[in-house]
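The chain contents come next:
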Amino acid sequence: MDFSFIVVQLISGLTMATFLFLIASGLTLIFGVGKVFNFAHGSFFMIGAYVGYQFSSVWGQNFWLSLLCGGLFAGLLGMVAEFFFLRRIYGRADEGGFQILLTYSFILILDDLVKLVWGTEYKSLAKPPALSGAISMGGIVVPTYNVAVIAIGLAVVVAAWWLLNNTRGGRIARASALDREMLSVLGVNVPMTMTLVFGIATALAGMTGVLAAPLRSVTPGAGIEVIIDSLIVVVLGGLGNFWGAWLAALLIGEVNSFAIVLVPKWATLFSYLVMALTLIFKPEGLFAPRKVRRV
Amino acid sequence: MASIRRIASLCLLLLLTGMLTSALAQEKVIKIGALYPMTGRSGIYGMDSVAAAEMAAEEINAKGGAAGYKIQFINTDSKAKPDYSVTVAKRYISDDKVNFLFGVVSSAVGLALTEVSKQEKKIFIGTDHAATELTVQNLQPYYFRVSNNTFQSMAAGALYLKELAQTKPWKTIAYIGPDYAYGHAQIEELKFNLDRFGVKYQMVGEFWPKLFESDYTSYITSIMQAKPDILVSGFWGGDTVAFIKQAAPYGLFEKSLYFHPDAGGNYELLSAMGDSLPLGLVLSARHHNNWPDTAMNKDYVSKFHKKTGRYPTYAAEGAYVGVYAIAEAVKKVGNPDDTEALVKALEGLKFQQPEDPEGFTSYIDPASHQIVQVQAIGVTVPNTAFPPATRMLGQWKIYKAEDLLPPKEWAAKNKP
Amino acid sequence: MPSKPKTANTWYLLIFLVLFSLVPVLKTTNYQMLLAAHVLVWGLFAVSFNMLFGVTGMLSFGQALYYGMGAYGAGLCVKYLGQAWFFPGMALGIVLAAVTAWLLGHLIIRVSGVFFTMLTLAFGQLGWQVMFKWYSFTGGDDGVQNIIPPGLFSNKVIYYYLVLALVGASIWFLGRLSASPMGLILRCVRQNPERVRFLGRRVRRNQQRIYIISSLFTALAGGLMSGVDYSIHTDMFYWTTSGHVILMSILGGIGQFFGPLVGAAVIVTIEDVVGAFTEYWSLIIGTVMLVMVLGLPRGLMGEISQLWTRLPGRQQALTTREEGN
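Chains as they are written, first to last, in our numbering: chain A, 1315 to 1609; chain B, 38 to 453; chain C, 239 to 563.
Because the hints were derived from the structure by calculation, they are not lab data. One thing to keep in mind: the hints can contain errors.
[Claimed, not checked] When the alpha-carbon atoms are kept at most 27 Å apart in a straight line, the in silico DSSO-like pairs for lysine-lysine are as follows:
hint: 1; chain 1: B; residue 1: 118; chain 2: A; residue 2: 1579
hint: 2; chain 1: B; residue 1: 228; chain 2: C; residue 2: 394
hint: 3; chain 1: B; residue 1: 237; chain 2: A; residue 2: 1579
hint: 4; chain 1: C; residue 1: 394; chain 2: B; residue 2: 155
hint: 5; chain 1: B; residue 1: 228; chain 2: C; residue 2: 371
hint: 6; chain 1: A; residue 1: 1579; chain 2: B; residue 2: 381
hint: 7; chain 1: B; residue 1: 445; chain 2: C; residue 2: 317
hint: 8; chain 1: B; residue 1: 159; chain 2: C; residue 2: 317
hint: 9; chain 1: B; residue 1: 387; chain 2: C; residue 2: 371
hint: 10; chain 1: C; residue 1: 317; chain 2: B; residue 2: 155
hint: 11; chain 1: B; residue 1: 450; chain 2: C; residue 2: 317
hint: 12; chain 1: C; residue 1: 371; chain 2: B; residue 2: 247
hint: 13; chain 1: B; residue 1: 264; chain 2: B; residue 2: 205
hint: 14; chain 1: B; residue 1: 237; chain 2: A; residue 2: 1441
hint: 15; chain 1: B; residue 1: 134; chain 2: B; residue 2: 155
hint: 16; chain 1: C; residue 1: 394; chain 2: B; residue 2: 134
hint: 17; chain 1: B; residue 1: 381; chain 2: B; residue 2: 134
hint: 18; chain 1: B; residue 1: 208; chain 2: A; residue 2: 1579
[Stated by the list, open to error] Across the chosen pairs, the derived CB separations fall in these ranges:
hint: 19; chain 1: A; residue 1: 1594; chain 2: B; residue 2: 435; range: 55 to 63 Å
hint: 20; chain 1: C; residue 1: 337; chain 2: B; residue 2: 237; range: 44 to 52 Å
hint: 21; chain 1: B; residue 1: 396; chain 2: A; residue 2: 1576; range: 49 to 57 Å
hint: 22; chain 1: C; residue 1: 341; chain 2: A; residue 2: 1576; range: 25 to 33 Å
hint: 23; chain 1: B; residue 1: 262; chain 2: C; residue 2: 345; range: 36 to 44 Å
hint: 24; chain 1: C; residue 1: 264; chain 2: B; residue 2: 134; range: 18 to 26 Å
hint: 25; chain 1: A; residue 1: 1317; chain 2: C; residue 2: 326; range: 52 to 60 Å
hint: 26; chain 1: B; residue 1: 99; chain 2: C; residue 2: 533; range: 32 to 40 Å
hint: 27; chain 1: B; residue 1: 345; chain 2: A; residue 2: 1483; range: 30 to 38 Å
hint: 28; chain 1: C; residue 1: 341; chain 2: B; residue 2: 177; range: 34 to 42 Å
hint: 29; chain 1: B; residue 1: 451; chain 2: A; residue 2: 1576; range: 51 to 59 Å
hint: 30; chain 1: A; residue 1: 1485; chain 2: C; residue 2: 374; range: 55 to 63 Å
hint: 31; chain 1: C; residue 1: 514; chain 2: B; residue 2: 335; range: 31 to 39 Å
hint: 32; chain 1: A; residue 1: 1448; chain 2: B; residue 2: 100; range: 54 to 62 Å
[To be verified] Chain B stretches covered by chain C per the calculated footprint, using a threshold of three residues with CB under 8 Å from any CB of chain C:
hint: 33; stretch: 138-151
hint: 34; stretch: 422-434
Virtual Cβ for every residue (Gly too), placed ideally from N, Cα, C.
This is chain A alone, in the form it adopts within the complex (with noise of 0.2 Å):
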């Protein structure tokens, strides 16, 4: 094994990460925020990429534009779904039982919506002309598409860092994790936060449909196939932690880029067998924040 390869290696694993990131990443903002697990988080990842796959390669629009319609459209959708159906079984006795159920009845019924409108063939994107090339350098090529996948996965890390810590909007979802009575009492309107969290956070699940589609094919039934591993990174990094969701997901996509090389067999084995021993070893999860903050 070679230096090079080795580089080659790391960045493939960096781009597998980034994807694992972006799922994940709203799963753990909405868990961390209203400590809700929503199990439909594919099926917006999913309805995302159906609807940039409708405005780029039906309606021929720009393909940073589909990736802003994809987003938005499974983000209000989100916040239809928060506002409507899961907001009224807060608070109930089994919450966390219900919570499943219910975001499973979403995954039913997403994909059946999905098959009503666009069928069951295959549908496919293309990727924006100026990143169809691969860059070289020095014995390495990494295609342009995947770079810049994983600069985007950085920049939501970097500004969700940012939003979470610098605006009123991030102090009050910080604040809504640890009480939100007293945010209540304070004149914050606590269910309209958890709403427009949780749609943003189905917004980047259908952002990130959109940005896959071009290394994927636009199938039904993306949206269950997605959300166990997402779950692992989201554990792996504890629960509601951003940095930690990013750091995660880069073991667990790297730990899996060097097992398909020294062990192919069981390459597959690994992201289950790194979650196992974390949750024996450190329950809270491998990346969680201090004690103190998580009160």
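Use these hints to put chains B and C onto chain A, whose structure you have.
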């Protein structure tokens, strides 16, 4: 008074509907109970199969049916789940009184259903699943398959590679395929066939992403490191699309020959990829929309397109042929109820199919209950005759059907 | 909860047994009996799962591991040793499941809440991957076919009654357990583990015990299923199987002992009926689920018993209920 009259008329109505349904029940029908997936990743194959089977049933019924029996086709979404499919199959047999079990995309479902078929002594016509063991070690008297299995594809593939070595010498092979039975079977069978045909090769890597993997980047860079002359692929459906899309910018297809003989040339792939499908990939499938160039194939493809507004994937042809196989067998026997006679009729049944080239007629091998068909392997070339695909296969290489059946050594090697 | 529902549960159990024992007599087709057998097996699975979730408050997302072990115990023994080994194989699967639960319990029960859920998921998926990849031994995702119970039990009606008897006995046992002092402690563990410690009871030991018991009966359900369907496959280990049983329990009502059983019956039947008449089953089942979650916050059985307690003259019972929820 009014109420009595109402009750009387209601009774009359009931009586009438009762008579009507019993009259309908007396109409002679062949009931086919199909289990195709209609949702998820393999939903497209289910949709196409059902459309094609209905098309065949309409054609047969329009000509007065088979031996006076009309074909009635019912389908339940198998959800691609073996346990659920077993339940439905048992309902078909005990409640719906079907004459034939039919269909199935997933081999796992096929294996579970062949068990039901054996227990209940009900003929099961397999139309799309490719696991070779169904017609070798798991064969039971009531199972028949009208599409080719992976062994036949791989035997044709091995012959192709043998010929290739003469024009363009190659030495090394790497394999990538989904990590489940289908993926593993393909490379085992390819190796067996390469050995059988005396082809020398060196394996430089086997890669096993999980089924429905979304990110192949790390696999692609590992393959590039292994530098195989030939990259054999065993994906199906969306996995192929994702792999090719992700591998193209790395230049993988300029460095290694992409060779995908079982499901690589399926139409849903050609249509989903459009221009992003590289030229010069070597692919095949169990039916091609542009090969053979016979009137029957053209007619079949255009009828399907007229009915559904899209061109068929190969799964559709399997279902289409399956319904015709049933009709032919019933014609021979005279009724759809004498199972043992139908088994005899299906064994060795010979009939013209859309995928038969001039001068060849497919038949069901009496010993293995496996259809014997010609295989064609092609290369991706520009062709816009079947939009939205902009590439189709061309430069065909044709392989004789008899060379492709699993030989006795294979069956012996795989005795349970 | 303990005193009153005990008698009620006995009645429910009797009604349930009588109803299901009539199925082979009243059925018009074999299929109805098959469906009833599915309800029984899933019902046992759901009730034993609910001993963990509804009673003790441990949401396991990995019970499929034990379900699969039971099924593969019977299936692999039949495959390699012959039909006569069906029942010994099933027993072996159950013992293996109990041992695994004991071993894993040490690792898993140290954490609680969502971490417990995730850890059970991780181990469940690891088990699935191993079964899936160990192709030469387990047959991978091709599964194992031709699993037919030996002798008399190859008759479907007799096997059905065997399933009914075993499921009935298991549910009776679990019902007794749930109403016993141990059941009471388990409920306390769910509501307030701290206080259980103050009372001098060990939380973890009780959790460990119920984890093993639940897994054991789950494995029994798996073993029984292999003889109902004649074939098994690795999907039984997959997380969707664990998810399925969670749905059944919540839909039926986790606060009620018989809730999960009712949930199993409802889901098995709905899936079958809806699946038979439309390919858009997922839209319909999803909508039904959505409406049920929003409209029936206590699950089906929970709502029924709520109505029951609201009947005139039964006002006192309300206080017991409040505590139970």
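Against the structure, the hints come out as follows:
1. 118/B <-> 1579/A: Distance ~25 Å between residue 118/B and residue 1579/A Cα, so the pair holds.
2. 228/B <-> 394/C: 44 Å, violated
3. 237/B <-> 1579/A: 24 Å, holds
4. 394/C <-> 155/B: With a Cα-Cα distance of about 16 Å, the restraint between residue 394/C and residue 155/B holds, given a limit of 27 Å.
5. 228/B <-> 371/C: Distance ~20 Å between residue 228/B and residue 371/C Cα, so the pair holds.
6. 1579/A <-> 381/B: 44 Å, violated
7. 445/B <-> 317/C: At roughly 24 Å apart (the allowed maximum being 27 Å), residue 317/C and residue 445/B satisfy the hint.
8. 159/B <-> 317/C: Holds, at roughly 23 Å.
9. 387/B <-> 371/C: Measuring from Cα to Cα gives roughly 40 Å; hence the hint is violated.
10. 317/C <-> 155/B: 17 Å, holds
11. 450/B <-> 317/C: OK: residue 450/B and residue 317/C at ~18 Å, within 27 Å.
12. 371/C <-> 247/B: 11 Å, holds
13. 264/B <-> 205/B: Answer holds: residue 264/B to residue 205/B is near 16 Å, not above 27 Å.
14. 237/B <-> 1441/A: Not satisfied, since the Cα-Cα distance of roughly 40 Å exceeds 27 Å.
15. 134/B <-> 155/B: 16 Å, holds
16. 394/C <-> 134/B: Answer holds: residue 394/C to residue 134/B is near 19 Å, not above 27 Å.
17. 381/B <-> 134/B: Holds - the C-alpha atoms of residue 134/B and residue 381/B are around 21 Å apart, at most 27 Å.
18. 208/B <-> 1579/A: Cα-Cα ~23 Å, so holds.
19. 1594/A <-> 435/B: 55 to 63 Å: 58 Å, holds
20. 337/C <-> 237/B: 44 to 52 Å: With Cβ atoms ~50 Å apart, the hint holds.
21. 396/B <-> 1576/A: 49 to 57 Å: 52 Å, holds
22. 341/C <-> 1576/A: 25 to 33 Å: Distance hint for residue 341/C, residue 1576/A holds at roughly 28 Å.
23. 262/B <-> 345/C: 36 to 44 Å: Given range 36 to 44 Å: holds, Cβ gap about 37 Å.
24. 264/C <-> 134/B: 18 to 26 Å: For residue 264/C and residue 134/B the Cβ distance comes to about 20 Å; the hint holds.
25. 1317/A <-> 326/C: 52 to 60 Å: Given range 52 to 60 Å: holds, Cβ gap about 57 Å.
26. 99/B <-> 533/C: 32 to 40 Å: 49 Å, violated
27. 345/B <-> 1483/A: 30 to 38 Å: 49 Å, violated
28. 341/C <-> 177/B: 34 to 42 Å: 40 Å, holds
29. 451/B <-> 1576/A: 51 to 59 Å: The hinted range 51 to 59 Å is violated for residue 451/B and residue 1576/A, with Cβ atoms some 31 Å apart.
30. 1485/A <-> 374/C: 55 to 63 Å: 58 Å, holds
31. 514/C <-> 335/B: 31 to 39 Å: 37 Å, holds
32. 1448/A <-> 100/B: 54 to 62 Å: 57 Å, holds
33. 138-151: holds (count 5)
34. 422-434: violated (count 0)
Comparing the model with each earlier hint shows violations of hints 2, 6, 9, 14, 26, 27, 29, 34; every other hint is respected.
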